[in-house]
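*Asks:* Protein sequences, first through last, are from chains B and E. For the first sequence, the working numbering begins at 1 and goes up steadily by one. For the second sequence, the working numbering begins at 355 and goes up steadily by one.
Hints should not be assumed to be uniformly reliable.
Computed Cβ-Cβ distance ranges for the label pairs, DEER-style [stated by the list, open to error]:
#1 E:Met562 / B:Ser248: 12 to 22 Å
#2 B:Gly338 / E:Ser583: 37 to 47 Å
#3 B:Glu122 / E:Asn517: 50 to 60 Å
#4 E:Glu484 / B:Gly341: 34 to 44 Å
#5 B:Asn286 / E:Lys404: 51 to 61 Å
#6 E:Pro488 / B:Gly236: 34 to 44 Å
#7 E:Pro432 / B:Glu116: 13 to 23 Å
#8 B:Glu196 / E:Thr581: 23 to 33 Å
#9 B:Asn286 / E:Ser403: 51 to 61 Å
#10 B:Glu122 / E:Pro488: 25 to 35 Å
Worth flagging that the hints you see were computed from the coordinates, not collected in a lab. Just so it is clear, CB atoms sit at the ideal spot from N, CA and C, and this is done for glycine as well.
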Amino acid sequence: MKREGKIQVWQDYQKEIADDHYFYVRSCIRQNFFPGSEQTFLKILRTELGKDIYENPHHTTCSGIGYHSDVVPFDTIQTIVARQFALMTEAGYKNLAVSCITSFGIYNEIIETWKEFPVELEKVRNFLKKATGREFEVPQNVAHASDVVYKFRNDIAARKKYSLINQHTGEPLKIVEHIGCHYSKMFPSKGVGGAEFPHVLVGMIESWGGEVIDYPERRHCCGFGFRQYLVMSNRGYSISNSRKKFESMEPYKPDAILCNCPGCPMFLDRWQYVIEEMEGKIYGQNGQGIPVLTYEELAGLVLGYDPWDLGLQMHQTNVEPLLEKIGIRYNPDLKYAGKDGEMIGKPIMVGCGC
Amino acid sequence: MELYQELTKDVRFAEGLNSCMNCGVCTAICPAAEFYDYDPRIITSIVQSKDNKKIEELLKSETIWYCGECMSCKTRCPRGNTPGLIIMALRSLSQDLGCFTESEKGRQQLAIKRVIGENIVYRGYCVLPENLVPELHPEQGPVGEWIYKNKEAVYERVGANYNGEGEGALRKIPKKSLDEIYRIFEITGGFDRFDKIEHFSKIKAESMGFQEDKDDYSDYVNHIYTTNSGKHSRQ
Chain B
1 MKREGKIQVW QDYQKEIADD HYFYVRSCIR QNFFPGSEQT FLKILRTELG
51 KDIYENPHHT TCSGIGYHSD VVPFDTIQTI VARQFALMTE AGYKNLAVSC
101 ITSFGIYNEI IETWKEFPVE LEKVRNFLKK ATGREFEVPQ NVAHASDVVY
151 KFRNDIAARK KYSLINQHTG EPLKIVEHIG CHYSKMFPSK GVGGAEFPHV
201 LVGMIESWGG EVIDYPERRH CCGFGFRQYL VMSNRGYSIS NSRKKFESME
251 PYKPDAILCN CPGCPMFLDR WQYVIEEMEG KIYGQNGQGI PVLTYEELAG
301 LVLGYDPWDL GLQMHQTNVE PLLEKIGIRY NPDLKYAGKD GEMIGKPIMV
351 GCGC
Chain E
355 MELYQELTKD VRFAEGLNSC MNCGVCTAIC PAAEFYDYDP RIITSIVQSK
405 DNKKIEELLK SETIWYCGEC MSCKTRCPRG NTPGLIIMAL RSLSQDLGCF
455 TESEKGRQQL AIKRVIGENI VYRGYCVLPE NLVPELHPEQ GPVGEWIYKN
505 KEAVYERVGA NYNGEGEGAL RKIPKKSLDE IYRIFEITGG FDRFDKIEHF
555 SKIKAESMGF QEDKDDYSDY VNHIYTTNSG KHSRQ
């Protein structure tokens with residue numbers, strides 16, 4: 001790609017993102033908390049954009065949460081990752097599309113390790129061959145799923161049914177974004193905009209009509225911290241870091257929080273509920289929490305998909321204030337309905353936004 | 355044993371420690387340093403000193419377990435060090451040598467191994483809907499409880515393939531693939547790590563007065579999962 005003008009000036013912050021033919025690897029956290037987002041990603045790529053994206057049922061976890069909570073050794077995760085690459089190689093794909101930010105960081109860490117320590121690559125090839133009989137090629141292109149949506153953000157905008165405009169005021173919706181730490185803090189060149197100026201979510205928000213709001217703790221960690229959330233007695237770490245972000249963004253009165261990480265939207269969603277329970281504090285307007293969305297959920301809303309098809313009923317902090325500002329039509333009676341419209345129980349709501 | 359030499363065998367350590375000038379930028383940016391009585395600058399300085407006794411103290415300490423591995427330190431260090439990677443090497447060595455059971459936070463590794471570690475090997479996922487028991491995860495709130503109690507219907511509604519064959523979110527990982535993951539753990543030292551965590555934890559559990567039970571020291575696991583001495587934060 002020839003780089004000129006601003007692109008030239010900002011060349012250290014650009015990233016090559018494959019155009020088509022992706023091998024998709026899922027996220028453990030997102031499958032549990034935001035399965036509708038992964039479904040929406042595939043739907044947008046395949047149905048709206050006509051892209052080829054393949055999922056092999058035999059792919060597994062990358063074991064990243066185990067690795068970053070230190071129960072999985074480096075040799076083990078390297079070989080599990082090599083197995084994912086082997087499945088990709090066997091299927092004839094060269095472009096990896098990664099749903100998870102933890103995985104994305106791990107794929108980058110391992111590929112960079114192999115470049116710097118070739119003996120590690122040879123060791124892992126032998127491990128994989130011995131364990132599974134498989135061989136692999138290193139992917140030519142590694143993109144996070146948010147990179148892919150970013151790449152096609154204007155194509156999505158061209159198909160949009162709704163814009164990120166407040167229907168009551170006519171003003172752009174004010175959105176704060178939160179980038180997962182492992183997206184670009186470890187390897188800035190692997191993320192759009194690097195670690196200093198991440199543009200991956202900004203590009204989507206602006207393309208779809210919204211306004212990005214800066215806030216002091218924009219780049220602070222959500223507080224997942226792996227073992228700091230996994231173990232019950234450590235969770236003070238997790239909520240304290242999310243609280244720091246809420247306190248920082250509150251004065252700017254955001255209409256929504258947009259995330260590209262598996263854990264971050266869950267924590268920023270759930271901890272609002274917990275803080276309300278603990279302190280009676282609500283960070284949104286009119287006694288409502290601040291809705292927290294994944295980028296696929298936001299893309300799906302812009303494209304006119306049903307909020308409950310997207311899985312927005314799985315959020316603890318109600319999303320309805322945002323739906324109403326955008327002017328999205330939805331059926332509140334079907335929020336907690338099953339696949340065929342049957343009622344499957346209902347949460348006893350006591351938290352944010354009720 | 356020369357502990358510094360042991361650490362240098364870990365490529366993450368080789369990558370994480372170049373030459374620290376003790377500027378403290380890592381501590382300034384660190385989310386853990388803000389919450390815990392934790393200072394990655396000091397840890398890096400101790401390791402760099404190659405002082406065997408002090409490194410051994412680190413391996414047995416609470417402090418190496420405070421890091422959240424967010425790697426914010428990587429971005430900011432002007433010398434290209436990564437204290438987060440040094441921490442990962444220290445934690446690995448602490449588990450290999452059994453030092454982790456000497457600290458409240460280190461002892462938690464058994465609980466993580468029993469859930470996350472075994473999920474990976476036997477189910478092919480790090481986390482599963484079945485793990486989100488409301489009593490253990492009150493932060494998931496009423497919606498989390500609703501999802502937990504109606505797993506099949508909720509996941510089906512949003513297009514997942516919970517425990518189903520073929521592709522899709524939360525699909526059942528085929529046995530052939532789980533067998534391969536098992537073999538990878540055998541060959542690469544994954545099970546050696548698990549065995550050491552179990553071995554040293556059981557010794558510690560008995561020294562603390564816990565008895566072996568039908569669920570393999572479940573009282574001890576519950577203890578380490580829920581205990582917080584309240585002595586970890588800056589306050």
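*Asks:* Hints numbered earlier in the text: which of these fail when held up against the supplied structure?
*Replies:* 1, 3, 4, 6, 8 and 10
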